[in-house]
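Student: In case you want the letters, here they are:
Number of protein chains: 2
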Amino acid sequence: MKFNYSNVLNELIGENGLSIKEIKNSKTFLEKIKENIEEKIDADYYALKLPFLMKQETSEIKETAKLVQDNFENFVVVGMGGSSLGNELLHFAINGIHYNDSPLRKTPRIYFMDNVDPASVKTLLNSLDLNRTVFNIITKSGSTAETMQNLLCITDALNKRHLPLNKHLIFITDPEKGFLRKLAKEFSVKTFVIPPLVGGRYSVLSNVGLLSGAVEGVDIDALLNGAAEQAEKIKEKDVLEDATMLLPFIQYKLFKEKGVNINALFTYSDGLSYLGMWYRQLLAESCGKRFTGITPLAVKGSTDQHSILQLFIEGPFDKLIIFIAPVRYKDDFNIDGNLADDEHINYLKHKNASQLIRSEFLATQAALNKSKRPFVSIEIPEIDEVSLGKLIYFFEYEVIALGEMLNINPINQPGVELGKQYTYGIMGREGFSEKKDEFTAFIKANKKYIIEE
Amino acid sequence: MKFNYSNVLNELIGENGLSIKEIKNSKTFLEKIKENIEEKIDADYYALKLPFLMKQETSEIKETAKLVQDNFENFVVVGMGGSSLGNELLHFAINGIHYNDSPLRKTPRIYFMDNVDPASVKTLLNSLDLNRTVFNIITKSGSTAETMQNLLCITDALNKRHLPLNKHLIFITDPEKGFLRKLAKEFSVKTFVIPPLVGGRYSVLSNVGLLSGAVEGVDIDALLNGAAEQAEKIKEKDVLEDATMLLPFIQYKLFKEKGVNINALFTYSDGLSYLGMWYRQLLAESCGKRFTGITPLAVKGSTDQHSILQLFIEGPFDKLIIFIAPVRYKDDFNIDGNLADDEHINYLKHKNASQLIRSEFLATQAALNKSKRPFVSIEIPEIDEVSLGKLIYFFEYEVIALGEMLNINPINQPGVELGKQYTYGIMGREGFSEKKDEFTAFIKANKKYIIEE
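Going line by line, the protein sequences match chains A and W.
Residue numbering for the first sequence follows the working numbering, beginning at 8 and increasing consecutively.
Residue numbering for the second sequence follows the working numbering, beginning at 8 and increasing consecutively.
No lab work stands behind these hints, which were simulated from the structure alone.
Some hints here could point you the wrong way.
Treat identical chains as interchangeable: a pair holds within one or across any two.
[As the list claims (entries may be wrong)] Simulated crosslink set (PhoX-like; lysine-lysine; CA at most 25 Å straight-line):
hint	residue 1	residue 2
1	K356	K167
2	K442	K379
3	K192	K265
4	K184	K455
5	K263	K34
6	K265	K455
7	K28	K260
8	K69	K454
9	K379	K263
10	K451	K192
11	K337	K129
Just so it is clear, the structure is predicted and the values come from calculations on it, not from any experiment.
If we strip away everything but chain A, and leave its shape as in the complex, we get (with noise of 0.2 Å):
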């Protein structure tokens, strides 16, 4: 993995950019973040601990995947949020934005049921063979609504076709507490466990984002491998020679100082881009508090550049860009393009499929550079397990260490709270008729300038 934020200083991009001295200066402080977060890794940062720890206890597992892949053809993945977004990561990344339609497929078919439409859920319900599907419902609290929703157009559908619950069904959720783990004894469902310690925007290398990779062929070993080796180099390193500390300086100090508020993680990847919808809420949820956080901005190379590029180059100076992409393209074939003979398309002619997404990649950059935009750059030497596990800590521990710098708890979210018992009030959930009454006194404010058209 290599980390580039050359065009971060002033060196570069002038007075947009920061100095190398500060950086330098701020060796104490960082020294400190990371003191803070060793200190909290048995218990607020647990999830820190996840690669050594799961790397014991995969083999339970590589059984059920193995069962699963045996006997189905379909799995769907239900869950919100950290329930469903690193699966969707590891999807994507390791077997690409075509897998299900793939010739050359040969496990389960994937879905995420991550939505309460109805229109989605009718017809996904309606599109698979349920005889060969399996559920994996992943909630951490094991109440979630739009789950419990989803559980129950699940289990509609299973009993009209009198399949066995505890056949089509697997849990993911707290060891004791939660609705979920009281049906998993009920109906006999085959339960994993969230380690309650740890949040759902960590839990991708926990059994939540280890099952449905499995199933899917993703190699879970060296992904928890290429974790634990990210968590080594970060213990041994110096902070100021560390990425990981040196990024959320960096977004710390734009933000700070420079008034950056926005930071777009731009993935050259199909697969890839996934990360960047995991990283919006590891760092929406994470660092938005307290009146203050960063917006993080999930863009896709080379397609993004003909949508959103436009104002990264010529817009306010409120942005820093976080650019990703492979060295090696997976799938990379040559170019015949025997076609004709004309200065628009020839200059792509035998030439490998891959260096025009690369070129964009770099040429990008270079645009950003002679408009004064600051960005960094993480290269990695292709999208496999290990890196993806290097990728995934990485953004971990870094954003823990922005929360640290901002003086801000990275693993709690009290603000969503309030939404969710408005929404159990108007669904008239018991216990919940208060909520619902300050819920209507909002209805009746919110009614005074409403345009019709």
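We have chain A; now place chain W onto it with these hints.
Tutor: Here is chain W on its own, set in the frame of chain A:
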């Protein structure tokens, strides 16, 4: 369509909000903006005439669509940015995210090639029965690098199977200029026109969006009628009673006076969430220039409540949320939920599936109100062609109005040019060696601070 802006006013959110007085006082300013737009409608803002122009021009589109439907199983849209995002919007909003897998589907499967990731291109081309596939190549300039490369990959694959290009390709491009037009003549490829005055991001209501729409069964007449209806409404309405003028004014005022530099389109629907991706380009490319511009976020409900909502509720006061939802959801159904009698789940039983997502839509607004965050909401009766046509026209007009308010030309995108030239330089295209030298100098300078880890 119901536009509610109560919750951007200080009556509801205090000092973070605007006063109704300053909105009322803007009447002259808004009238001038509207006048400016109407004056340029035959040139710069020609795209705003598309609904009326295209209503008379759909017969050839429909004929071609019928031919494709009768003879092919797969239809692949090949384009970048505005040559794909509008197509994706129509596709997913009307037909849902599981259309290709749906047992009820009666029209060809739809795919999008909007990137040059070798693995995606290879897997897609290998998974399709090419004999039963049409590729719709869309590029206004006729020479977009990514689209050219994908075209070469496609023609390589067709040639290898001895399939005639003019049976499996349909072009959409400039009426006279460009390489695609030249190819069309050489190989007798059926070609539709993009009007020269219509820029990519404003082209969904031209042939660009209509052909793939018609192929997948979208009622393009209803779509154009909806858009035309919206256009008529804008013409008739007083600016202070017109959401098309009030929304950009709210965006403008909050940006200029309250530092709100992020606008999130929060759509409560899987399919309609592609409106957010389409709007992201529309706003970013139209208004992101001359060191100004608002950054658009595409956010999906209820999914992203479990991802980015924490930041919206408790983060900095730098965001305006634009909520969008239908009142009635398609394919709604009743949940039996005969699973367990438990407080964690029984509030969901015997409800319609849409009640939860609808409640989340309102509950999230109530929670944002409680934390004094500005938002507006747009409700449409349901997601159908008429509503979608209205929404598309509404947003195109309001973004142009926002550009006018910011004193920016909303129809060009000068910032993306340099990156393209660097790409050509790197790829060795003739005539770009100077850019290559510039690029090489950048790479050399960008080497100073690299960490291996």
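Student: With reference to the structure, classify each hint as holding or not holding.
Tutor: Structure-based check of each hint:
1. When the C-alpha separation of K356 and K167 is checked against a cutoff of 25 Å, the pair qualifies only between copies, where the shortest distance is 16 Å, while the shortest distance within a copy is 56 Å.
2. In this assembly of identical chains, K442 and K379 lie within 25 Å of each other by CA distance solely across copies; the values are 17 Å between and 49 Å within a copy.
3. For a Cα distance limit of 25 Å, the shortest separation of K192 from K265 qualifies neither inside one copy, at 54 Å, nor across copies, at 54 Å.
4. Within a single copy, K184 and K455 get their C-alpha atoms no closer than 44 Å, and across copies no closer than 52 Å, so neither meets the 25 Å cut-off.
5. In this homomeric assembly, K263 and K34 come within 25 Å of each other (Cα to Cα) only inside a single copy, at 18 Å, whereas the closest approach across copies is 38 Å.
6. For the homomeric pair K265 and K455, the shortest alpha-carbon distance between copies (23 Å) is at most 25 Å, but the shortest distance inside one copy (39 Å) is not.
7. For the homomeric pair K28 and K260, the shortest alpha-carbon distance inside one copy (13 Å) is at most 25 Å, but the shortest distance between copies (39 Å) is not.
8. Neither within a single protomer nor between protomers do K69 and K454 lie at most 25 Å apart by alpha-carbon distance, with minima of 55 Å and 43 Å respectively.
9. For the identical chains of this complex, K379 and K263 are neighbours both inside a copy (19 Å) and across copies (23 Å), given an alpha-carbon limit of 25 Å.
10. Taking the shortest Cα distances, K451 and K192 never come within 25 Å of each other, neither inside one copy (44 Å) nor across copies (63 Å).
11. In this assembly of identical chains, K337 and K129 lie within 25 Å of each other by CA distance solely across copies; the values are 10 Å between and 35 Å within a copy.
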